[in-house]
Structure formats: structure tokens, C-alpha cells
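Listed below, chain by chain, are the residues.
2 protein chains.
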Amino acid sequence: MKRISEYSSVVESAVRAMELPGGKLEGLYGPVKYGMEAGGKRLRPVMVLMGAEAFGADPLKAVEPAVGVELFHNFTLLHDDVMDNSALRRGRPSVHARWDANTAILSGDTMLTLATEYVTRVDDSLLRRVIAAFDRMALDVYEGQRLDMDFEKRESVTTEEYIEMIKLKTGALLGFAVMLGALIGGASDEDARKMYDFGMMLGVAFQIEDDWLDTFGDPAAFGKPIGNDIRQNKQTYLLVSGLQSGSADVEALRVAMAMPATDTKVRTVTRIYEKMGLKESAHAAVAEYASRAMSALRATGLGEAQKDAFRLLVEKLAGRRK
Amino acid sequence: MKRISEYSSVVESAVRAMELPGGKLEGLYGPVKYGMEAGGKRLRPVMVLMGAEAFGADPLKAVEPAVGVELFHNFTLLHDDVMDNSALRRGRPSVHARWDANTAILSGDTMLTLATEYVTRVDDSLLRRVIAAFDRMALDVYEGQRLDMDFEKRESVTTEEYIEMIKLKTGALLGFAVMLGALIGGASDEDARKMYDFGMMLGVAFQIEDDWLDTFGDPAAFGKPIGNDIRQNKQTYLLVSGLQSGSADVEALRVAMAMPATDTKVRTVTRIYEKMGLKESAHAAVAEYASRAMSALRATGLGEAQKDAFRLLVEKLAGRRK
Numbered sequence: 001m002k003r004i005s006e007y008s009s010v011v012e013s014a015v016r017a018m019e020l021p022g023g024k025l026e027g028l029y030g031p032v033k034y035g036m037e038a039g040g041k042r043l044r045p046v047m048v049l050m051g052a053e054a055f056g057a058d059p060l061k062a063v064e065p066a067v068g069v070e071l072f073h074n075f076t077l078l079h080d081d082v083m084d085n086s087a088l089r090r091g092r093p094s095v096h097a098r099w100d101a102n103t104a105i106l107s108g109d110t111m112l113t114l115a116t117e118y119v120t121r122v123d124d125s126l127l128r129r130v131i132a133a134f135d136r137m138a139l140d141v142y143e144g145q146r147l148d149m150d151f152e153k154r155e156s157v158t159t160e161e162y163i164e165m166i167k168l169k170t171g172a173l174l175g176f177a178v179m180l181g182a183l184i185g186g187a188s189d190e191d192a193r194k195m196y197d198f199g200m201m202l203g204v205a206f207q208i209e210d211d212w213l214d215t216f217g218d219p220a221a222f223g224k225p226i227g228n229d230i231r232q233n234k235q236t237y238l239l240v241s242g243l244q245s246g247s248a249d250v251e252a253l254r255v256a257m258a259m260p261a262t263d264t265k266v267r268t269v270t271r272i273y274e275k276m277g278l279k280e281s282a283h284a285a286v287a288e289y290a291s292r293a294m295s296a297l298r299a300t301g302l303g304e305a306q307k308d309a310f311r312l313l314v315e316k317l318a319g320r321r322k
Numbered sequence: 001m002k003r004i005s006e007y008s009s010v011v012e013s014a015v016r017a018m019e020l021p022g023g024k025l026e027g028l029y030g031p032v033k034y035g036m037e038a039g040g041k042r043l044r045p046v047m048v049l050m051g052a053e054a055f056g057a058d059p060l061k062a063v064e065p066a067v068g069v070e071l072f073h074n075f076t077l078l079h080d081d082v083m084d085n086s087a088l089r090r091g092r093p094s095v096h097a098r099w100d101a102n103t104a105i106l107s108g109d110t111m112l113t114l115a116t117e118y119v120t121r122v123d124d125s126l127l128r129r130v131i132a133a134f135d136r137m138a139l140d141v142y143e144g145q146r147l148d149m150d151f152e153k154r155e156s157v158t159t160e161e162y163i164e165m166i167k168l169k170t171g172a173l174l175g176f177a178v179m180l181g182a183l184i185g186g187a188s189d190e191d192a193r194k195m196y197d198f199g200m201m202l203g204v205a206f207q208i209e210d211d212w213l214d215t216f217g218d219p220a221a222f223g224k225p226i227g228n229d230i231r232q233n234k235q236t237y238l239l240v241s242g243l244q245s246g247s248a249d250v251e252a253l254r255v256a257m258a259m260p261a262t263d264t265k266v267r268t269v270t271r272i273y274e275k276m277g278l279k280e281s282a283h284a285a286v287a288e289y290a291s292r293a294m295s296a297l298r299a300t301g302l303g304e305a306q307k308d309a310f311r312l313l314v315e316k317l318a319g320r321r322k
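For the record, the sequence lines run as chains A and B.
FYI, my numbering numbers position 220 of the first sequence as 220, with every residue one higher than the one before it.
FYI, my numbering numbers position 33 of the second sequence as 33, with every residue one higher than the one before it.
No wet-lab data here; the hints were simulated from the structure.
A hint or two may mislead.
If several chains are the same, the list does not tell them apart, and a pair holds so long as it fits within one copy or across any two.
Stated by the list, open to error - Under the rule of at most 20 Å between Cα atoms (straight-line distance), these lysine to any residue pairs were calculated in the SDA-like manner:
#1 307 to 19
#2 41 to 13
#3 307 to 99
#4 24 to 151
#5 33 to 261
#6 153 to 101
#7 61 to 128
#8 24 to 158
#9 265 to 252
#10 234 to 219
Every value quoted in this text rests on a predicted model; they were computed, and no experiment measured them.
Chain A on its own, in the form it takes in the complex (with noise of 0.2 Å):
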């Protein structure tokens, strides 16, 4: 197995090396570009040659159905941005921003039939697991994203339920595309089944860990900065479940969710927070999912040395606390 760092480079190269008609149709692939150029992480496709590579393939042969995922990410991002009516992405101009929102719905549907051809460029004796896998996949990011949308109206959700959307609209994708390698490395089915289970788990973990780090964290090893989620009274794993904690706080935590969106405002909440609690106890459920992660990897038939390069992985996602 090779560094994280190595799989990111081979994915790296695969975005740039993608062949995309410009000319006269550059208002329709260009932005399909400007977004895949973002970076970021590429962690899904990273896992998609990870998988790959731990049962005998050469990453390579999954490099692109791992281009394909990356695709389906960013054409998340590409409609999200629409949605909700964000400016900035990766600290550059979204596509919806740059272009403008009609740009932002064409090029992403674009993305996503591209992703479709990408993931599907993958053995005849895998196609038809791997579209089904793929199409189930997307169901459950959208009803995932629904979800979200419906919790941002309501007065209440419960811890349940939040963990139940980011399961669908965060742990579904990595599930995805680590098994999409393991399938491409030629994992038996139930191995499949226990790596999805291992990026579903590493997702949920990797998700609190971000809704963690935005209040707690330091904005430099984050990358962006703190306590946005607090000012837009974003329903994350802190907020759900400090509304629902029964605490004598809950009521002043209501007030202050009504504060103009000021450093103030993040200041108050933050304290009622760490009062409720909550710093502990999120970091305690991000370690119950990385352990529940690691469990269905220890369950596979991997050899250690492919055991541990997960859990290296596991400790990057679920371990950004400083």
C-alpha cells in the first residue's frame, strides 16, 4: 500500500489528464472543469484506489471509476452551491457565483452523467453490480440532502434522526467508493459489503469531526474558518444534540441561536456548548464510529499491512483535533 499523499498525486493526474469538448460548448464543460480543478482532499477517489490496491489490484486499473466518484462529489457540491445560495467554495467563487445559477444546474447535471460513464468504465463481469451500487448510492445522497433541507425548518431533530442524514448524504459516498475499489480489487461480495460498512461508519465519524472542528477547531489545521455554522444556526451533531439534552441550558441556548450572527454569538454558543458538555461528548461519538469503522475493516479477510493503511486513514479523518 502507498501513502495517502501518493493516491491523492494519481488522482491528481487523472482530473487533469480528463478530455472535455470546449470550443463552442465550453460554457457547458468549462465550469465542469473549473469545479473538478478545485482539489480539495480528493478522499473519496483516494479511497476508490485504496480499496483497489488492498485486495491485489493495481490502483491504476480503478484510477478512473475513482475519477467517475470524484465527478458525482462535485456535482453535489456544484447543485448544493445553488441551493443554498453559496458564494464561495474552497475559498474560490462557486460555479453558480462565477457563472450564474442556470451554469451551475446544466454543468452539474453534466457532471453527474459524466460521473455515471466514468464509474460504469469498469469490467464486464462487475458493470451491472457496480450501476446498481452507483444509482443506490445517489438515491441516498439526495434523500440525505432532502432531509437536511427539511431539518433546517423545523423547531427540532433528534440525534437519531441527524445521524441518519449524514449517514445518507455523507457516509453513503465513501461507503461507495470503497467498495467500488474492493469490488475493482476483486473482493469477495461480503468483504464489498464490510468495506462499504467501513466508509459508511469513517463518513459519520468524519462528518461530527467537521461539525466538531467548526466550533472548536483550530481555523488553520480546519482550513476555513471557525464557528460559521453557529452564526447560520446550522443543524450539526452539536446543536441537535444539545437542544435535545434536557440540560438546564437549553434555554439559553435558544436565545442566543436568536443573536444577530456575530463573533459575539459564536462565543455564547461555544460556551454553552463546552458547558453542556458537548466538546466531550461529540469527540466521544466520533471515536464510537471510527471504532465501528474499524470493526468491519477487522472483520474483512485484509492482511495487516492493508488493515493498517485504513487506519491510517480512519486516524486523518476522525483525528483533526488538536
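Keeping the supplied structure of chain A fixed, place chain B upon it in accordance with the hints.
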């Protein structure tokens, strides 16, 4: 071969039999059902069934892929209505108007994935070809929509550019639909390609006929009000070839285009079109593409009864003028 209305009923039943999740996911799948219930001609899925039966299969074998084609078509309508900000679709509020733009985007994405899921319900031996053709068709449709959006902002568009755009935006899906049916029916690669050409040329004839009817049609037979294209200065075969005609009336046409969107404008532009001879030349263009469709059909190995059924379809779609 059956009557077109019989194929439509088969499609209608299959659409109504689709099982989609409800409950807390009603916000995602409700608009999908709403979009699919709108009816319309069901032209594209009918062409799938006709293709399958013409080449010897029970059309029921093609009914799920046919529903997939209808899902794809309705996905494009959901997103187009957001992009055009259209409040009405087939006499009812569009999904965008009845819910909101975000719902139309997300439920549209869902329809595209469901379309892939249904279209791929074919024998394993066809799977690779069907996916490749479906993805290519989808990209063609997006490219056509992009060109259409770009043309709306341009001073002048040539008739050739306009034809290229409607080949992509309208022709590609009709070509794919009938080719998909043909493949399911067991057509040779060569016959499948010819049926694609048949559908493509029929699509171009159908779109120019639609442009003609929007100006010169009988509102009762056309099923929607006349003159909308003129009111909105929409790029149509009439407008594009009028502006490009080099006739002495081009200046008058430009002046009329600048009028407010009233019935007077519709009457004025219609009169200029008639003076330019566009009523006849557009009619001739419909006939030309219908004849190209018939040539492609004749070149296949189909029997006379099968060819007759498709000939009827051409007459129905390209002969709606009274």
C-alpha cells in the same frame, strides 16, 4: 404492431405502477410522481415500445426501459423550468412553481438517477451498449440546451446552427428511444443505428413543426395558446431563417421584435413571416426531415407492416398542420 394509443396506455399504466418511497421522503419523491403524472403524449416511451415490437420482442419486455426514457425526459423538463423560470407545464403549475427551485433541482437529479436505473433494466448482453448510448444521449441533450441558452443572448444564429441545436436537444432523445427499443427487440447494430437516424430526423421534423404550429397553428389542435414564441422573441426555425433570409423585410422584422409582447406584435410578426414565405419554407423543411426519417426507416430490414406503423407515427408528428 399496435395502434399508437395502445402503446400509450401501456406506458401510462407502467408510469402509474412505479413504486416510489413516500413518508418522510415525500418531499423528494412527491415531485417526481407529480412530474410523471402530467401525462402528455408519452411519445418517447411509445417509441421504445414500438422499436422493441418492430424487431420481434414482446413490447412488455421494453416497458421498464421505456419508463426510464420518460423519466429522463421529465427530468429535463423539471430543470428547464427552473432555468427558464416557467410557472406552467402542461397546464399545471411546474414543480418549480408549486414547490420551489431547490425542490425542482433535487427531485430532477433524482429523476435522472431513476432514469438510469430504469433504462438499464435490459439483458446483461445489452447493458454496456445501453449505458454508453444513454450517457451519450444525455450529454447531447445538455449540449443542445447550452447552445439554446447561448443563442438566446446572440444577435444572429444561422439556420444550420439552429438545426444542429435541435438535433442535440430534441433529436438525440427520440433517436435513443427508438434505438433502445430496437436493441431490446434484437435488432442488428446496423439496423439499430438506422433506427437512431430515423428517430433523430423525426425529432428535427417534430421540432420545426412545433415552431410552425406556435405561429400558424390552430390553438385547439396545438393544445396551447398561439404566438408565445413571437411574444418572447424565442429562437425558432421561423425567426432564425427569417433573420437570415436577406429579404427586404428583415429590418421590419427587427422592428417588430422590439414591440411589447402583445397580440399586435404576434399579428405583425406573423404577417412578416408570411410575406417572407416562411409558412411554406418551414413546411418544406418539416417535409424534408420527415422524408430523411423515412429513408432511414426504409434502409432497415423491417417488414412492411412494421414500417407502416412508423410511417403513421411520422404523419402524426410531422403532419399536425390543418
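Results of checking the hints against the structure:
In this homomeric assembly, residue 307 and residue 19 never come within 20 Å of each other (Cα to Cα): the closest approach is 35 Å inside a single copy and 40 Å across copies. In this assembly of identical chains, the alpha carbons of residue 41 and residue 13 lie at most 20 Å apart only when taken from the same copy (14 Å versus 47 Å across copies). In this assembly of identical chains, the alpha carbons of residue 307 and residue 99 never lie at most 20 Å apart, being 44 Å within a copy and 47 Å across copies at closest. For a Cα distance limit of 20 Å, the shortest separation of residue 24 from residue 151 across copies, 11 Å, qualifies, whereas the shortest one inside one copy, 41 Å, does not.
In this homomeric assembly, residue 33 and residue 261 never come within 20 Å of each other (Cα to Cα): the closest approach is 34 Å inside a single copy and 39 Å across copies. Only between protomers do residue 153 and residue 101 lie at most 20 Å apart by alpha-carbon distance; the minimum there is 16 Å, versus 23 Å within a single protomer. Both within a single protomer and between protomers do residue 61 and residue 128 lie at most 20 Å apart by alpha-carbon distance, with minima of 18 Å and 18 Å respectively. For a Cα distance limit of 20 Å, the shortest separation of residue 24 from residue 158 across copies, 14 Å, qualifies, whereas the shortest one inside one copy, 50 Å, does not.
In this assembly of identical chains, residue 265 and residue 252 lie within 20 Å of each other by CA distance solely inside one copy; the values are 12 Å within and 63 Å between copies. Taking CA atoms no more than 20 Å apart as the test, residue 234 paired with residue 219 passes inside one copy only; the shortest distance there is 18 Å, against 50 Å between copies.
Checked against the numbered hints above, the structure violates hints 1, 3, 5; every other hint is satisfied.
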